[in-house]
Amino acid sequence: MEKRYIAEFDHVSIDYEMVRLCLHAVNDVSMKLEKGKITAVVGESGSGKTTLASALLNCITSPGRVVGGRVIVHSEKRGEDIDVTALNEKQLNDFRWDIVSMVFQGAQSSLNPIVTILNQFYETYKIHGGKESKKEARKIFAKLLERVNLSERVLDSYPHEISGGMKQRVMIALALLLRPEIIILDEPTTALDVITQSYIFGLLKSINEEYGTTMLLLTHDIAVVAEYADNLGVMYGGRLMEFGTVEDVFARRFNPYTEGLINATPSLRRDADTLTEIPGTPIDITNLPPGCVFADRCLKKTERCEIVSPDDVDMGGGHMVKCHLYAEGEQDA
Amino acid sequence: MLELKNINMSFALKGKFFQTEKRAVVIRDFDLTIGDDEIIAVVGESGCGKTTIGKIVTGLLAPTSGEVLFNGENIRRTKRNNKSDYRRNVQFIQQDSYAALNPVKTIHQSLCAAIEIAEKGISKEKKQQRLEELMGFVGLTPIEHFVFKYPHQLSGGQRQRVLMARALALNPKLIVADEPVSMIDVSLRIAILKLIEKLNRELKIAFIYITHDLATAKYIADKGRICVMYLGDIVELGNIDEVLFHPKHPYTQALVTAVPVPDPSYRGTRGEIPVKGMEMTKLTERGRGCSFAPRCPYATEECSQEDIPYVEINGVKVKCRNIEEVPVWT
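Here the protein sequences come in this chain order: C and B.
Counting from 1, one number per residue, gives the positions in the first sequence under the numbering used here.
Counting from 1, one number per residue, gives the positions in the second sequence under the numbering used here.
The set of hints was computed from the structure by calculation and includes no laboratory data.
Even for Gly, the Cβ is constructed at its ideal location relative to N, Cα and C.
There's no promise every hint is true.
[To be verified] The calculated lysine-lysine pairs, modelled on PhoX-like cross-linking and capped at a C-alpha distance of 25 Å, are:
#, chain 1, residue 1, chain 2, residue 2
1, C, K135, C, K90
2, B, K79, B, K105
3, B, K55, B, K276
4, B, K22, B, K55
5, C, K300, B, K194
6, C, K143, C, K126
7, B, K79, B, K14
8, C, K205, B, K276
9, B, K276, C, K143
[Unchecked claim] Computed footprint of chain B on chain C; a stretch qualifies when at least three of its residues, placed anywhere within it, have a C-beta under 8 Å from a C-beta of chain B:
#, stretch
10, 52 to 61
11, 237 to 250
12, 259 to 265
13, 318 to 327
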């Protein structure tokens, strides 16, 4: 079956330009989101995953700016292709939450502390053209909350009256309010306990299956990815190092960084002796090397890696890797 | 070496005028002995009291009742000399390495302060020698790259190493490490855990490793013991392989089920988490009995009313009165 894509990052580069330095947070990233699937992007802090995802909503915080490439959403709801980077302010307001919504990192603090949950839902509903009265709309909201296993009572609460796991579920319900085609989940379970985490991901997975909502999951936890995602992109230093289906990336792990990351993740099912760290320290993105961003810490690097930045190499089956090890004929060039 | 005897800890809650004071019981009847060069992992979710235990062990908090014995002496009743001896021998490493170091002092200044405390009136040459030795031990080499830097110029992993070096300066016998790797990038975590192992093996320092992450606990306490906490109770205590591979308490079983495995071939093998309800019981609302009873699928009415005794199975202490009803882990 042919894969259908709902969004495309087309050679996207994002810089944060400041007075004395320039951060190349995202560097020439091309990635496609498969419709109805959960695509995960893993990376350590500063790898650019949140910045990349913000480009999908065109909400990169100043002084960040998309300096190259385009982000296209093939919207079925609107029946057209939307170039997110070209939208004006008014169009963006309509686009955000209606087509793409986001559950932010630390959702616990995304809610307004002095407004009840009901009013926060109603405000979003009204602004996006909701016609029902508050009384009628309440029924819609209650249904959504029921989907995430919360009682209607929560609507009358203020954020401080409910627990962290409940707030996270409220945020997920709010993100679902307008039935968006894509939901971005930025570290949705940090600061939550394992049992709650497992429960929230179970919910997300069932929402994904029931509504067919495409999800873009940003995380640093490779165990979560292995358990719940369909596709996986690995980012390091603002570059997409490897992309493919989760099974494929775990089984073949072409890029030395992916390999290192998997080998550094402790697990209950794994012998402690087989774990190894990645040597060196994380890259400083204000001072990018001319060659591969990972060359400094890579065990398989060659001279070429330090001089020339590698290109994407297609390994077949939609599996992409950015590494000189797999580029053919480059040795002669 | 260190013994915690029947520790209870409760904090007063603000009440209204003329109302009887309410207390939140954070630790209940906590008993634990730490051997000479043992690594023991204390795991539990947020709010289970694991950090409080760390603070009681290091003497930062005084328990409401119960005794902390160091080499057989109660640390709160002992003579002044013994007390400073205890303070030197038990060190604490915090989670947030950035907050734990003085931001306006260089690494050199931070470490030398500790070295001077360890040995009063130490000569300049000896101090430098000790500094080099310490930094070499924790892997901050070549030391010229680090000594004159400020904390913000180092990465999280390097700062955590500085904290280790600072703790080592006092030649401790026990280090309490409170979530030392939770704020460090995944690729560097293993290196810090390996360092803890090395300190334990080569310098015979005992560790209490406090964490919420079962996977790193398994790594660090590979041959040691694990102590699983829930709302201030030790629910299960014993050999780590026995506890993690054959969990007996319903809570441990739920916890082990919930941990995702970083390998897609295990996907879907975990099954449902055996708990009722996702919300933890409030500390002020629980009764005398088992804290986990409201969420436990095997609990009977008596579970939340009676004191729960420990039972011992295969050398593991389990706090459950209904253990026969709990299915054997497969």
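To see whether the hints hold, each was checked on the structure:
no.	hint	verdict
1	C:K135 / C:K90	29 Å, violated
2	B:K79 / B:K105	34 Å, violated
3	B:K55 / B:K276	32 Å, violated
4	B:K22 / B:K55	23 Å, holds
5	C:K300 / B:K194	23 Å, holds
6	C:K143 / C:K126	17 Å, holds
7	B:K79 / B:K14	35 Å, violated
8	C:K205 / B:K276	20 Å, holds
9	B:K276 / C:K143	22 Å, holds
10	52 to 61	violated (count 0)
11	237 to 250	holds (count 3)
12	259 to 265	holds (count 5)
13	318 to 327	violated (count 0)
Consistency with the previously given hints fails for numbers 1, 2, 3, 7, 10 and 13, ordered from lowest to highest.
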